[in-house]
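*Asks:* Read off the chains here:
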Amino acid sequence: MSRKRSASKWDVVSGRTSQQNIRFSSALIGPPQHARKKFWRAVLRVRKTHPNGNFDLDLDLDNITVDIIDATPLYPPGLAFTRLHGCHILNWDVQLLQPLLPLLLVLRKHLRFESRYLYISSTMQQNAVELCTILVRDTYGELSSRVVAVLLEYGRSALHTIVRRVKIPEKVVKQTLVVLIQQHLVLHYTHDDGGRDATYYECNWLQIYELLHSGRIVRTIEERFGTDAASVISNFLLLGHARVSDFISAYGTSTKTKTNGTLPNGTPISASEATGTSQITSAAQISKHIVSLMQEKFLIPVQLHHMHPTIDTENAIRQKVTSEQAGITAAMQAKMKKAIDEKVAEKMEALSTDLDNKNFGLKRKSDYQEGRARKRAKFSSVNETDGEEWEIDGTVVLRVNHSKFLAIFRNEELVRWVESRIGKATSQVYAELLKHIEKKAISHRTEKGLTDVGKKYVVSTLDIGTTLSKAIDLVNSIAFGSSANGGSKRHMANGSHNQFGEVGEESEGDSDDYDLDADLDADLDVSMNGNHDLSSAAQEKKEQLQNIRKHLSLLAEDPNQFVTKQEGSMQYGGWTVDTERLCRLLCTRELEQIVEERFGGVATRLVRIIKDRGKMDEKGLADTALLRQKDIRSHLGALHERGFIHIQEVPKTAERLPARTFYFFYFDEGMSKMAILNDFYKAMSRIIQRIDYERGLNSMILSKSERTDVKGHEEELLTKKELTDLAKWKRTEEKLLGQLMRIDRQVMMFRDW
Amino acid sequence: MAFRGGRGGFRGGRGGSSNGGPLMPREFDVKPDFGPTEQFPDYTIPFQDPLASSERIHVARFRDHREKIHSGPLYTVLSKRKGLEDPFEDVVTYSSKKYHRQKRKVPKLDSRPYVFEFFPVELWETMDSSYAAGADRSVVINGKKEKKRLLISSLDTALPNGGLNGDQSDNSDDDDDEKEKEKKSVLAKLMSHKDEDDDGLSGGDAEAEEDDEREDEGEEEDDYQDDEEGDYNAEQYFDDGDGDVDYGDDDGGGGAWYD
Chain L
1 MSRKRSASKW DVVSGRTSQQ NIRFSSALIG PPQHARKKFW RAVLRVRKTH
51 PNGNFDLDLD LDNITVDIID ATPLYPPGLA FTRLHGCHIL NWDVQLLQPL
101 LPLLLVLRKH LRFESRYLYI SSTMQQNAVE LCTILVRDTY GELSSRVVAV
151 LLEYGRSALH TIVRRVKIPE KVVKQTLVVL IQQHLVLHYT HDDGGRDATY
201 YECNWLQIYE LLHSGRIVRT IEERFGTDAA SVISNFLLLG HARVSDFISA
251 YGTSTKTKTN GTLPNGTPIS ASEATGTSQI TSAAQISKHI VSLMQEKFLI
301 PVQLHHMHPT IDTENAIRQK VTSEQAGITA AMQAKMKKAI DEKVAEKMEA
351 LSTDLDNKNF GLKRKSDYQE GRARKRAKFS SVNETDGEEW EIDGTVVLRV
401 NHSKFLAIFR NEELVRWVES RIGKATSQVY AELLKHIEKK AISHRTEKGL
451 TDVGKKYVVS TLDIGTTLSK AIDLVNSIAF GSSANGGSKR HMANGSHNQF
501 GEVGEESEGD SDDYDLDADL DADLDVSMNG NHDLSSAAQE KKEQLQNIRK
551 HLSLLAEDPN QFVTKQEGSM QYGGWTVDTE RLCRLLCTRE LEQIVEERFG
601 GVATRLVRII KDRGKMDEKG LADTALLRQK DIRSHLGALH ERGFIHIQEV
651 PKTAERLPAR TFYFFYFDEG MSKMAILNDF YKAMSRIIQR IDYERGLNSM
701 ILSKSERTDV KGHEEELLTK KELTDLAKWK RTEEKLLGQL MRIDRQVMMF
751 RDW
Chain S
1 MAFRGGRGGF RGGRGGSSNG GPLMPREFDV KPDFGPTEQF PDYTIPFQDP
51 LASSERIHVA RFRDHREKIH SGPLYTVLSK RKGLEDPFED VVTYSSKKYH
101 RQKRKVPKLD SRPYVFEFFP VELWETMDSS YAAGADRSVV INGKKEKKRL
151 LISSLDTALP NGGLNGDQSD NSDDDDDEKE KEKKSVLAKL MSHKDEDDDG
201 LSGGDAEAEE DDEREDEGEE EDDYQDDEEG DYNAEQYFDD GDGDVDYGDD
251 DGGGGAWYD
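Chains L and S, in that order, give the protein sequences.
For the first sequence, the UniProt record's numbering begins at 1 and goes up steadily by one.
For the second sequence, the UniProt record's numbering begins at 1 and goes up steadily by one.
It should be emphasised that the hints constitute simulated quantities derived from the structure, not laboratory data.
A portion of the hints provided could be inaccurate.
Derived lysine to any residue pairs resembling SDA-like cross-links, with alpha carbons at most 20 Å apart [said to hold, decoys possible]:
no.: 1; chain 1: S; residue 1: K103; chain 2: L; residue 2: K735
no.: 2; chain 1: L; residue 1: K167; chain 2: S; residue 2: S54
no.: 3; chain 1: L; residue 1: K735; chain 2: S; residue 2: D33
no.: 4; chain 1: S; residue 1: K103; chain 2: L; residue 2: K682
no.: 5; chain 1: L; residue 1: K682; chain 2: S; residue 2: I45
no.: 6; chain 1: L; residue 1: K735; chain 2: S; residue 2: F47
no.: 7; chain 1: L; residue 1: K735; chain 2: S; residue 2: S54
All chains should be built: construct the whole structure from the sequences, respecting the hints.
*Replies:* Structure, rendered in structure tokens:
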């Protein structure tokens, strides 16, 4: 692969005078002079600040080509130059791209490039390319994977370019593209390119990665909503996106077919073959499932801009905004730029806020059209009882919302962490808390990770109390009486007294937000005013809430601060979770564990010191670590080699002699993460390849067992040996896939959360 | 252009010899070991912790899902290049190939309705062959809508080992899985039961998805259907040369299709 890539590099460099380039350069009149100057300044700056400083850049502004004359030998295989529309696209490893990023941004800004002229594919790594290609081959077959491979390697391409590169007839490429677009694996955008439309395709590699999550997604829904809803989700995953009316009618038919029992051609199908969907009998039932899945944002309506690359959407908006301010001179435009930027950001935001509305894509059932304003989100168990019913707008097109699932997976991870730190019961309380937050917060996937601003949402203890399973033993899971716990216990007692004092003032204010609050406030008021006249239920409730609060206090007092207490806002306290911070901690912890496992304790110590102190040379490091320089050297070397720490050279003299140079070690979390992720991707590709290999070893028995006459009658038709082989193969694959899922957990941790 | 000269040239000359930059000052005492490395160095092989029950369920669902895609209309397997088939294995005989899962060379697209506005215009014709560029779309869609159904498959909700966290995954258990799997993919079952004779029988009922497939073959004269004929027509396995014939007009060329 690397050979191929470097070949493409030289193609590009030598192909600068190709027909396409000339056509392109004449189409675009040269950029203003000041932009040129600014660009060179940027080049200089990057050269100065880049720790390796090994590359030179040559920008030929007349042709708009960016050539890397001399790429550092450190990263040769990641280089791939791609040409698009007469312009060279840089498609590198992130490690190389990172120092260049400001430069490329400058380019885009000052030369007013549109993304199609200079396009930065975000954080795509070479190993990720391989993984995605393999994953698509594993899931959608070879044809799709070939097209995906070309799109990933060369970046955004037009149809004819793909056809040329993939060496498959155009007809077939088109069919494959339909498949990929339907599954949201490929995005497309049609530009008006000088009077005629030009469509470009681009691979949505994060979506490809999501193929790995299908099993877990189905399982999550199964656990929460039962098998019927899970089957709905599973079908949406299979279909990519689908119009609701089509979906429901398809469900209707498949059940009808089963009751008929025969197909037109006379092939009988027994009812047993058709189990599964048979539980869902009516369209009403399916739509009920869909509504509840939509309300919780597991399914979201697809909008046109979901099918386009974000950058194109942004460009289109920018163009529109700019054209609205026509008649402004170039100088003025520069001034207006900031205003335009703001406006564009605002509009981009607006695109996603549609989805934030809980009932987006739903309409109120006809008997409830009293024109009440948008319903305030109520997420406690009140939901069903508050009498409002929603039905789906049949024309809406739905798809699975993957970022919602990412948030759920993240929460599961946090719960697991709590369980290992504090205990089972507490983790269950925590899970409940997170569930409440998750229902309120809508997660968006951004480049930085998952944003769902968990901090914003306050969950009251009462809320948790209403939904928490009664089976959890809250009382006996906390040990009392020891001196260590005494302090916190007393603290809690104090706290509760205060809370009770506030009940009177608080209750009115709260009742808007939480209907249940009002009920319970009433209950509790009764229980407090009418002294010994407590109804046992209220008493029980109170105790439960207090116990829950104890668990939550445990969480809050943990050094990791799993929850943050919001004082005074609600009775029994309100709680928020700073998921972003927690995920950072989680990440750091995992990173250190990886370092520990790979390089041992000393290396971990060094990494932590470097992280703590910033840039340090070897001597200072040895002093701080209380180790001899000789001892730490090998560790530092190994760490540097694997990309966990980095070196900056600072020459004492102008000659840059190695002996007269300081070498400062520093830790860059982003780059370390990238290095690890790269390893993960590679490991994952290897696992899938290994599965392929194992499948090849067992191909005889597998093809036999897949025969339609054998399937389902294995025991009668296969020999004893074949059966054991089959079972063995299944166990092997399960193990490998299990490992794949485990790595996937870490990938999500480092990349998505 | 100022950068082109000095530094770039120097670096270029050095080529790949720089190995991550000089890590240590010269006078240091590290003595590189140039001796041969051990042939089998000590290596502690990491062992996998046994999978938790939840993990096993995730894996089971994942496999199930993948299986569904594989038996669906979108999964493609490229056939072997002409002349490279195994003369013993790849020849169609009644016993070996008839019951085997059919392999698709191209995805089957016309069996379901699409949301056209989400696709680029240049692909519309591919998605629906009766869609001619510039024609009135609504007519076409309304005309077709009745016949096309989404493929709906049911869910396999079996738990591996009954959801228990055990390690005794014996044969019988796996067979259970297998049975479940078979139940759930009605589609796969039905699809592979097809033989040529059925083609003519297709009624207009459009009840089930597989019905559609056959139906479409009959009444639409879109050319890419030819590619798929091979999937159903046992005769064509012998002269698996449809690639050359069909794709002759494309610049990609038939031969390149396979490499």
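*Asks:* Regarding the pair S/K103 and L/K682, is the alpha-carbon distance no greater than 20 Å?
*Replies:* violated (29 Å)
*Asks:* L/K167 and S/S54 were given as a pair; does the straight-line alpha-carbon distance stay at or below 20 Å?
*Replies:* Outside the cut-off at roughly 43 Å; violated.
*Asks:* Tell me if the straight-line CA distance from L/K735 to S/S54 falls inside 20 Å.
*Replies:* holds (13 Å)
*Asks:* Taking only the CA atoms, is the gap from S/K103 to L/K735 under or equal to 20 Å?
*Replies:* Given pair S/K103, L/K735 is violated - Cα atoms ~27 Å apart, limit 20 Å.
*Asks:* Regarding the pair L/K735 and S/F47, is the alpha-carbon distance no greater than 20 Å?
*Replies:* Between L/K735 and S/F47 the Cα gap is close to 11 Å, so the pair holds against 20 Å.
*Asks:* Taken at face value, is the distance from the CA of S/D33 to the CA of L/K735 at most 20 Å?
*Replies:* violated (39 Å)
*Asks:* Between the alpha carbons of L/K682 and S/I45, is the straight-line distance 20 Å or under?
*Replies:* The given pair, whose Cα atoms are some 18 Å apart, holds under the 20 Å limit.
In summary, the structure is inconsistent with hints 1, 2, 3 and 4 from the numbered list given earlier, while agreeing with the others.
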